[in-house]
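Chemist: Next come the chains, spelled out residue by residue.
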Amino acid sequence: MNLKNAPIKSVVLVVAVIALSLLYSLMTNGGNGALKNVKNVSADGSTTVSSTSNVSLVGSTDKPVSMSSATIAKKTDHPKFVGPLLYQNSGVRATYQQVQQGQTLFDESCSSCHGAYASGTDRAPNLVGLGPATIQFWVSTGRMPLSNPIIQPIRKPVKFTQAQILDIVSFVASQAPGGVLIPNIKGVSSATLAEGASLFDINCAGCHTITGAGDALASGAYAPSLHQATPEQVAEAIRTGPANMPRFNPGVLTNAQVNSLVKYVTQGIQHPDNAGGWNLGGVGPVAEGFIGLLIGVGLLVLAAFWVGDRK
Amino acid sequence: MAKLDVTKLRDQNPKGKKTVNDQIANTAEWFDDRLGLAKGTRIFFNKIFPDHWSFMLGEIALYSFVVLLVTGIFLTLYYVPSASLMIYHGSYAPLRGTVVSAAYNSTVNLSLHVRFGLLVRQMHHWAADIFLGAIAVHMCRVFFTGAFRKPRELNWIVGVTLLILGIVEGFLGYSLPDDLISGTGLRIMFSVTESIPIVGTHLAFWIFGGNYPGDGSIIPRMFIAHVLLIPALLAALIGVHLALLVKQKHTQFPGPGKTEKNVVGTPMWPGFMFKTQGFMFLVVGVIALLGAFAQINPIWQYGQYLPYKVSYAVQPDWYMGWLDGALRIMPSWEFQYHSFIIPNQFFPSVLLPGIAFNIFIIWPFIEAKIKKDKTEHHLLERPRDNPVRTAIGAGALTFFFMLFAASATDVLANYLTISLNIVLWFFRIATYIIPFIVAAIAYRVCIELQRAGDAAGKRKRFNVVWRSDTGEYFTEKSPARSDDVDYLDGEPEESLELTPEVSKMVNEKADLIASDRNGSQESTDSNPEDLQQISRD
Numbered sequence: 001m002n003l004k005n006a007p008i009k010s011v012v013l014v015v016a017v018i019a020l021s022l023l024y025s026l027m028t029n030g031g032n033g034a035l036k037n038v039k040n041v042s043a044d045g046s047t048t049v050s051s052t053s054n055v056s057l058v059g060s061t062d063k064p065v066s067m068s069s070a071t072i073a074k075k076t077d078h079p080k081f082v083g084p085l086l087y088q089n090s091g092v093r094a095t096y097q098q099v100q101q102g103q104t105l106f107d108e109s110c111s112s113c114h115g116a117y118a119s120g121t122d123r124a125p126n127l128v129g130l131g132p133a134t135i136q137f138w139v140s141t142g143r144m145p146l147s148n149p150i151i152q153p154i155r156k157p158v159k160f161t162q163a164q165i166l167d168i169v170s171f172v173a174s175q176a177p178g179g180v181l182i183p184n185i186k187g188v189s190s191a192t193l194a195e196g197a198s199l200f201d202i203n204c205a206g207c208h209t210i211t212g213a214g215d216a217l218a219s220g221a222y223a224p225s226l227h228q229a230t231p232e233q234v235a236e237a238i239r240t241g242p243a244n245m246p247r248f249n250p251g252v253l254t255n256a257q258v259n260s261l262v263k264y265v266t267q268g269i270q271h272p273d274n275a276g277g278w279n280l281g282g283v284g285p286v287a288e289g290f291i292g293l294l295i296g297v298g299l300l301v302l303a304a305f306w307v308g309d310r311k
Numbered sequence: 001m002a003k004l005d006v007t008k009l010r011d012q013n014p015k016g017k018k019t020v021n022d023q024i025a026n027t028a029e030w031f032d033d034r035l036g037l038a039k040g041t042r043i044f045f046n047k048i049f050p051d052h053w054s055f056m057l058g059e060i061a062l063y064s065f066v067v068l069l070v071t072g073i074f075l076t077l078y079y080v081p082s083a084s085l086m087i088y089h090g091s092y093a094p095l096r097g098t099v100v101s102a103a104y105n106s107t108v109n110l111s112l113h114v115r116f117g118l119l120v121r122q123m124h125h126w127a128a129d130i131f132l133g134a135i136a137v138h139m140c141r142v143f144f145t146g147a148f149r150k151p152r153e154l155n156w157i158v159g160v161t162l163l164i165l166g167i168v169e170g171f172l173g174y175s176l177p178d179d180l181i182s183g184t185g186l187r188i189m190f191s192v193t194e195s196i197p198i199v200g201t202h203l204a205f206w207i208f209g210g211n212y213p214g215d216g217s218i219i220p221r222m223f224i225a226h227v228l229l230i231p232a233l234l235a236a237l238i239g240v241h242l243a244l245l246v247k248q249k250h251t252q253f254p255g256p257g258k259t260e261k262n263v264v265g266t267p268m269w270p271g272f273m274f275k276t277q278g279f280m281f282l283v284v285g286v287i288a289l290l291g292a293f294a295q296i297n298p299i300w301q302y303g304q305y306l307p308y309k310v311s312y313a314v315q316p317d318w319y320m321g322w323l324d325g326a327l328r329i330m331p332s333w334e335f336q337y338h339s340f341i342i343p344n345q346f347f348p349s350v351l352l353p354g355i356a357f358n359i360f361i362i363w364p365f366i367e368a369k370i371k372k373d374k375t376e377h378h379l380l381e382r383p384r385d386n387p388v389r390t391a392i393g394a395g396a397l398t399f400f401f402m403l404f405a406a407s408a409t410d411v412l413a414n415y416l417t418i419s420l421n422i423v424l425w426f427f428r429i430a431t432y433i434i435p436f437i438v439a440a441i442a443y444r445v446c447i448e449l450q451r452a453g454d455a456a457g458k459r460k461r462f463n464v465v466w467r468s469d470t471g472e473y474f475t476e477k478s479p480a481r482s483d484d485v486d487y488l489d490g491e492p493e494e495s496l497e498l499t500p501e502v503s504k505m506v507n508e509k510a511d512l513i514a515s516d517r518n519g520s521q522e523s524t525d526s527n528p529e530d531l532q533q534i535s536r537d
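As they're listed, the protein sequences go chains A and B. Heads up: the first sequence begins at 1 in the numbering used here, then just goes up one per residue. Heads up: the second sequence begins at 1 in the numbering used here, then just goes up one per residue.
Here chain A stands alone, though its shape is the one from the complex:
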């Protein structure tokens, strides 16, 4: 083999590979599919929410997304872009950049099952039109992305930051309007604990148990423990009804009632008055029976063994 021009040849080869891959990426990314889609959707959105259709995100100051992303949004926002609404009772809309970043995240972590545009495949359901609350609940509790396709996904460490979750929510919401918006839980501080406790007994304790420890339901399904749920997640679960849980519409529970439930779950259930010592897991008489027999009777039988003769 003639190695005379080897350095030049290899440089040419490397340049050619780089050039080809650039060309390929331009071709595949050309037309920016996601952006097209967003435009279409936002056009739909503007017809449904006509009065706020031209409100740009920059103006709103109470939006819960971090301010840094809002400032970035100011620079890169698409001039004609109108994002989907995210929050209940608030004009906050997703920004162009949030949708774009959300699409990247969705492509990486969700699209292999839910499809590139969240329209579902034979492996996972269609997410289009479910609304921001549903998406935020499943991702922010760590249940999505799914690690193991079992009957009911389990709560895991969250894979994304709060801002990234909102990006994903923005992207999925940008696919179609409607669905359940992220509930407004500002009224929680003024809600009454006793009303929440009473509503919890009637509506929730039947599956989640009275202490919120959760329990197994039929056929492998289960009601999860409520001890790690954030206020927003509690409200989202009530409004969207994840997995086997029934969905409680505003006609069933008013916003004020949801707020008092949120207050009771995050205070009465998660920080109960545990006077009396170690609560044995809060699962009631089964644990108490085991402690009574193993520790109580067990210690005393050992004591009898100690004071008595063994032969």
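Calculated from the structure, these hints are not laboratory results. Glycine included, C-beta positions come from ideal geometry on N, C-alpha and C. Hints may contain errors.
[To be verified] Derived Cβ-Cβ restraints for the label pairs, each shown as a range: (1) A/Leu294 <-> B/Ala440: 24 to 34 Å; (2) A/Ile151 <-> B/Val388: 28 to 38 Å; (3) B/Val20 <-> A/Leu294: 28 to 38 Å.
[Claimed, not checked] Beyond 12 Å from chain B on every Cβ pair, some chain A residues (computed): (4) Leu13; (5) Gln88; (6) Thr230; (7) Gly292.
[Unchecked claim] Stretch by stretch, here's where chain B covers chain A in the computed footprint (C-beta under 8 Å, at least three residues): (8) 16-22; (9) 136-148.
Model the placement of chain B on the given structure of chain A, informed by the hints.
Modeler: Just chain B now, with coordinates in the frame of chain A:
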């Protein structure tokens, strides 16, 4: 007898100066002259208690009962036995402003406001769990050692009655706070009562004062049963239980100097009284520690019971757990004949305990009948000595344990992340299979233990063949297996020479055999094989 004692005490003090002993003696004499107490006291003080540890198990129950009485009296000072409704104004925020019953209100206040209230309530509840647990363990001891045999059948029946009354008493106490979980239990009990054919509905309506939840009279009724009727019965029967124990004297395990005609142990005074007092403090101590550090039944978290409210994962206390488990695994069968229905609940929660307790009660007579045994027994059997009884007992215990575990189907399914249906079907089948397996294993173990004799749990020793100085051979069990011996300063070098002790032992043995052979033609303490070998030489 008292007179004798008094003179003895006075003799010790010839100067005539009154000492404390004199004062005690005089006081005792005064009472003895009027009441004749000395005889009973003498019987009490001379009562012999066997020393084996398993005889202390019943005392756990006895002293838990004492704790139950003392803590229970405290609780009655604060508990209000009334179903009348009121508004809660206490310190527990989630309940504030809600409508609760006076019973629930007083129990929450007792727990969160009254000084020592929660400690005493928790001690009372733990003591109840331990009381029934100790009765169960004590009953196992009596059963597996055959202590129930003639002449103690009556005391066995009193004991089983105490167990039944204890379970009822515990369930009533558990139901008194009128919280969500106990209310659910009461609801189940109403249905169970209703399920008794023909009289069920009338009985349930009479007890509850109408259809569930009734007119509220159930709470005062349960209260009077819980604090007066059943405790009085329990106390009386415990008295009978102990009186029979003194009258019939204790049983004992066989051993040196122990026969069917005597009881060997420690007299109440001086001796056993100190042991049992110390043991009482241990029982109270364990209950107090649990009451202080382990939360039990935090009813303020559960809320007031209302018939339309329900919590999942509701179980009764452990001693009712087997009945709950039986209800859970019962398939949904009902029997109907024209207009008569035998509802589903009847079989697991009325028929099952009915049969179980009746078998318990008549067991001594069943066993005597089968074994055609009419003799008195004061020496106990070890469980291995009666493999059939031990196998039946182990199987029955397993059956009840499986039912008990079945009352936690949901908790197990949740903790093990298995489908609830699978857990349920596991118990539906395993509850009837595993007891037989356990019984078979128990039987086998008993037989093996019998065969092993005193060497049970030890490894077989080598047989060593020795040749004596005079050239005779015989076999001997090695003193210890070489690999069962550890040396403090490293292993010694192996040598084929006998140590002086062993060689002395060998020669003594040889002399013994030689003298035996000379003295009488047959040797008594060497086995035929050895003799054969010797004669062949």
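Chemist: Looking at the structure, which of the earlier hints fail to hold?
Modeler: 2, 3, 7, 8 and 9
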